[in-house]
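Asks: Each chain is listed here by its residues.
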Amino acid sequence: MIKAKPKPLDEILEYIQPYENILIVGCGGCVSVCLAGGQKEVNILITELEFALRDTQSNKQFKGYTVERQCNEAFLTEIDEFAEETDCMLSMACGAGIQLLAERYPHIPVFPAVNTIAIGVDRDIGLYEERCRACGECVLAYTAGICPVTRCAKGLFNGPCGGTQGDKCEISPEIPCAWCEIYERLKAQNRLEDILKIRKPMEWRDQIQRKFVQKGYEKRYLKED
Amino acid sequence: MAKKNIDTAPIQKILKKNKREIKLGLKVCAHCSLCAESCFLYQATKDPKYMPSYKFINSIGRLYRKNGKLSRGEMTKIRDIVWHDCVLCSRCYCPFGINIPSLIALARQACRTQDLYREYDKEPTEG
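Chains H and B supply the protein sequences, listed in that same order.
Using numbering that gives the first Met the number 0, you'd call the opening residue of the first sequence number 0 and step up by one each time.
Using numbering that gives the first Met the number 0, you'd call the opening residue of the second sequence number 0 and step up by one each time.
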């Protein structure tokens, strides 16, 4: 799932400085699971903002509302009734949710209250690790289920760089070298030939905004020539 | 979370605003169970509690019939239905056109007004 972290409070305070009526919109999806932007975190943010502004002459009014998913417009309609009286919105969703919210209310400034970090795994409650950058050309089949894009500091596709220190990455002795792990796992599975094959380079040039239609839905969304 | 009484006013506001959709859904549902096959949780378990119709009837349907006047315990049961038994993937399908995800989302809305929602720091996710 997508993982996010709350933004520093000072940064949020700077965004909302000119506005009085502020709607903080939580999301019941991924950011709830990673404890960054669900209803509980909306309530916490309101308390923190009110506390931070307690000694100022601020007239700011905060209202919190959590929708089930900010990345699906069907769930955003619930906010319509508050939009009229809102000067700005703080979205606690991932980058996709924030953009859909901003698209629905183009006349209202929408600011992010979280930083979207990664597509990651849950190691424990509150402990997450990045595992995927949604590059669109998954190579895990021949890298033993270890993503070189995400787990190699340089995102290399063809083996370790010269900076490898033993089996660790040159950026930190605590970070394993992704390519050493790939090699060891493939070797253990007797699949080393998988990384010896010559493959086409990654099409990084296609890394602009992607839009896709799922198989079976072509007739519904794609125009025939 | 401290146990609080249920504040029926915000629930009734949701019920009133969406009365037509809820009433129609409850009236049109023929209990045909065809929606069951579109729920991946039902497919995996064959447990009737995962049938989309069961979920909306026993959440927003129950709230509607009781006009929001439920105890906290009953509201907690609804919370469990709409969060634990449904991920709101919105893939469920009704041959009569009932928008089941929308009705379940309304039940979640009602729960949220009572500070009832899934707490992922206390109840780790299974998926």
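To be clear, the hints were calculated from the coordinates, so they are not data collected in a lab.
Among the clues, some could well be false.
[Claimed, not checked] Quick list of in silico lysine-lysine cross-link-like pairs, DSS-like style, CA-CA up to 30 Å:
(1) K59/H with K65/B
(2) K214/H with K16/B
(3) K16/B with K39/H
(4) K48/B with K62/H
(5) K3/B with K45/B
(6) K16/B with K6/H
(7) K4/H with K214/H
(8) K39/H with K3/B
(9) K26/B with K39/H
(10) K121/B with K4/H
(11) K214/H with K6/H
Asks: If a hint holds in the structure, say so; if it does not, say that too.
Replies: For each hint, the structure was consulted:
With a C-alpha separation of about 38 Å, the suggested pairing of K59/H with K65/B is violated against the 30 Å cut-off. Only pairs whose Cα atoms come within 30 Å are accepted, and K214/H paired with K16/B is rejected, the gap being roughly 37 Å. Under the criterion of a C-alpha separation no larger than 30 Å, the hint pairing K16/B with K39/H is consistent with the structure, at around 25 Å. Annotation: proposed proximity of K48/B to K62/H is violated, straight-line Cα distance about 35 Å (limit 30 Å).
For the suggested pair K3/B and K45/B, the alpha carbons sit about 35 Å apart, so the restraint of at most 30 Å is broken. With a C-alpha separation of about 35 Å, the suggested pair K16/B and K6/H falls outside the 30 Å cut-off, and the hint is violated. For the hint linking K4/H to K214/H, the alpha-carbon distance of about 33 Å lies beyond 30 Å, and the restraint is violated. Among the hinted pairs, K39/H with K3/B is consistent with the structure: their alpha-carbon atoms are about 16 Å apart, no more than 30 Å.
Taking the CA atoms of K26/B and K39/H, the gap is near 35 Å; set against the 30 Å cutoff, the hint is violated. Proximity of K121/B to K4/H is assessed by CA-CA distance (about 19 Å); at most 30 Å being required, the pair is judged to hold. A hinted pair counts as satisfied when its Cα atoms are at most 30 Å apart, and K214/H with K6/H does not qualify at roughly 37 Å.
Consistency with the previously given hints fails for numbers 1, 2, 4, 5, 6, 7, 9 and 11, ordered from lowest to highest.
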